[in-house]
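Protein chains in written order, with the working numbering: chain W, 1 to 200; chain L, 1 to 255.
No lab work stands behind these hints: they were computed from the structure.
Please read these numbers as outputs of a predicted model, since none were measured by experiment.
There may be inaccurate statements among the hints.
Said to hold, decoys possible - Below 25 Å or equal to it, Euclidean Cα-Cα: the simulated BS3-like pairs (lysine-lysine) are:
| no. | chain 1 | residue 1 | chain 2 | residue 2 |
| --- | --- | --- | --- | --- |
| 1 | L | K222 | L | K205 |
| 2 | L | K187 | W | K192 |
| 3 | L | K187 | W | K30 |
| 4 | L | K205 | W | K37 |
To be verified - Here chain W is said to cover these stretches of chain L; the calculated rule only asks that three of the stretch's residues, wherever they fall, bring their Cβ under 8 Å from a Cβ of chain W:
| no. | stretch |
| --- | --- |
| 5 | 155-165 |
| 6 | 204-211 |
Ideal Cβ placement from N, Cα and C applies to all residues, glycine included.
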Amino acid sequence: MKNKGIWSLNFSTIVIALIPIAVAINYLGKVIIETLKLPLWLDSIGTVISSMLAGPLIGAFTGLINNIIYGFTLSPISFVYAVTSVVIGLGVGIMAHKGWIASIGKAIVIGLVVGLLAAIVSTPLNMMFWEGTTGNIWGDAFYLYLASIGMPQWIASFGDSVVVDVPDKVITVLIGYLIYRSLPKNLIHLFKNNNEIEKL
Amino acid sequence: MEPIHLYTQRKSWISQIDPLSKLLFAFVSIFMTYLFSSITITCFVLLISIVLLMVARVLKKIVPLLAISFTLLLSIIIVQGLTHPTNETPLLTIGSIVFYQEGLTFAFLITLRVFNMLAAFGVLILTTKPDDLMESLMKQGMSPKISYVFLSVFQLIPQMRATLGKITDAQRSRGMETEGSLMIRIKAFFPLIGPVVLSSLNMTKERAIALEVRGFSSKGKKTFLIEEKSYFYPKFIKCVLVTLLIAAIVWRIVG
């Protein structure tokens with residue numbers, strides 16, 4: 001019962017304890033951004049860290065719970081984007097376990113890939129629920145530009161999502177990576193061989 | 001510590017309704033508005049949600065939720081008014097910018113749908129204690145572990161927000177600046193998020209031990225500490241909602 005590979009959905013007690021804490025980190029990231037009035041969202045740092053620590057499935061589950069909690073506490077619109085959060089968790093987790101969390105450069109690549117994935121998943125949702133816009137000023141300005149040069153609606157919508165998601169996810173993954181790297185080794189191993197604590 | 005959920009305790013017959021019925025209501029209501037591209041039907045569905053909010057005496061509480069979605073709605077109106085593919089009839093001209101009637105009508109429909117999404121979920125989240133919803137879901141066979149994850153977030157966030165306050169004060173007393181130019185504020189991000197993440201991840205071990213000590217992963221049958229609440233005809237309400245949903249789908253296909 002050591003490391004069972006990245007797809008083992010092992011709901012051991014330590015992982016169960018990690019998920020709510022990761023969701024709370026997401027929330028606090030948002031609080032800090034609001035206190036410092038920074039022009040970013042960065043509301044998935046916890047999801048990224050939990051994917052790096054405990055694998056894609058736990059990361060995905062963290063993302064799902066995160067958006068349900070946001071839906072209950074901030075705005076029901078978050079329920080719509082639960083799928084996007086799940087994909088972020090999966091993407092970071094898979095790439096992390098394939099060895100992409102080795103350097104800052106590679107972490108930026110993870111951020112780019114996950115940002116694009118998030119945009120690919122968000123676009124159909126945006127099209128279905130509100131005809132393609134995201135509600136972000138920069139993204140929607142880009143949508144208007146693309147639509148004005150005669151692009152079809154779904155390309156304009158995808159461009160809109162890319163402008164919103166890619167920079168945000170690159171920075172989020174980068175911050176997640178910097179934090180992950182500075183974590184004490186014993187903490188990281190706690191989640192890697194995650195049956196240790198049950199044998200108390 | 002201030003709770004983060006939006007539930008407020010009000011005595012009304014909406015709070016007597018089973019949380020799962022309210023969840024089903026939210027889905028059925030939102031589905032209906034997307035099933036029919038008709039402003040009249042969407043208005044009617046929205047009206048039902050608003051009446052339910054009024055009966056539950058939480059109508060005022062929905063206003064902050066609407067405010068959060070304000071930019072989304074504004075951009076929908078501008079973008080669709082200018083660029084919707086079916087745009088033909090100019091309605092309003094400001095300088096060289098032309099708003100079209102088709103796009104604005106469509107934007108109005110989407111705005112109603114978003115309002116209904118907020119109001120219909122509002123019926124659930126403003127009148128249901130998260131604990132009650134989880135209890136109902138567990139009785140339907142959801143794992144208590146998932147319920148633990150969900151509910152502990154509601155406890156953890158206020159607690160960790162207090163920790164964040166302490167960390168902010170500590171870093172400020174060491175000379176960290178939280179106001180000023182963008183660069184200064186970006187620099188302040190790391191001394192805040194770092195200790196928060198480290199202290200909270202350290203907590204996982206303690207929490208896991210605390211859970212295990214209480215037999216969290218024992219295989220035995222779980223029992224409930226809180227006495228079962230009796231809800232207002234849960235099966236009947238769910239049947240009505242499902243019938244309405246099927247009727248609407250049939251009507252959409254046939255009509």
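Okay, the hints, checked on the actual structure:
1. Only pairs whose Cα atoms come within 25 Å are accepted, and L:K222 paired with L:K205 is accepted, the gap being roughly 24 Å.
2. Of the pairs offered as hints, the one joining L:K187 and W:K192 is violated, with about 32 Å between alpha carbons and a cut-off of 25 Å exceeded.
3. Taking the CA atoms of L:K187 and W:K30, the gap is about 16 Å. The hint holds against a cut of 25 Å.
4. Distance restraint check for L:K205 and W:K37: the Cα-Cα separation of roughly 33 Å exceeds the 25 Å cut-off, and the hinted pair is therefore not satisfied.
5. Counting residues of the stretch 155-165 of chain L whose beta carbon lies closer than 8 Å to any beta carbon of chain W gives 5, which reaches the threshold of three, so the coverage claim holds.
6. Restraint check on the stretch 204-211 of chain L versus chain W: 6 residues with Cβ-Cβ distances below 8 Å, three needed, restraint holds.
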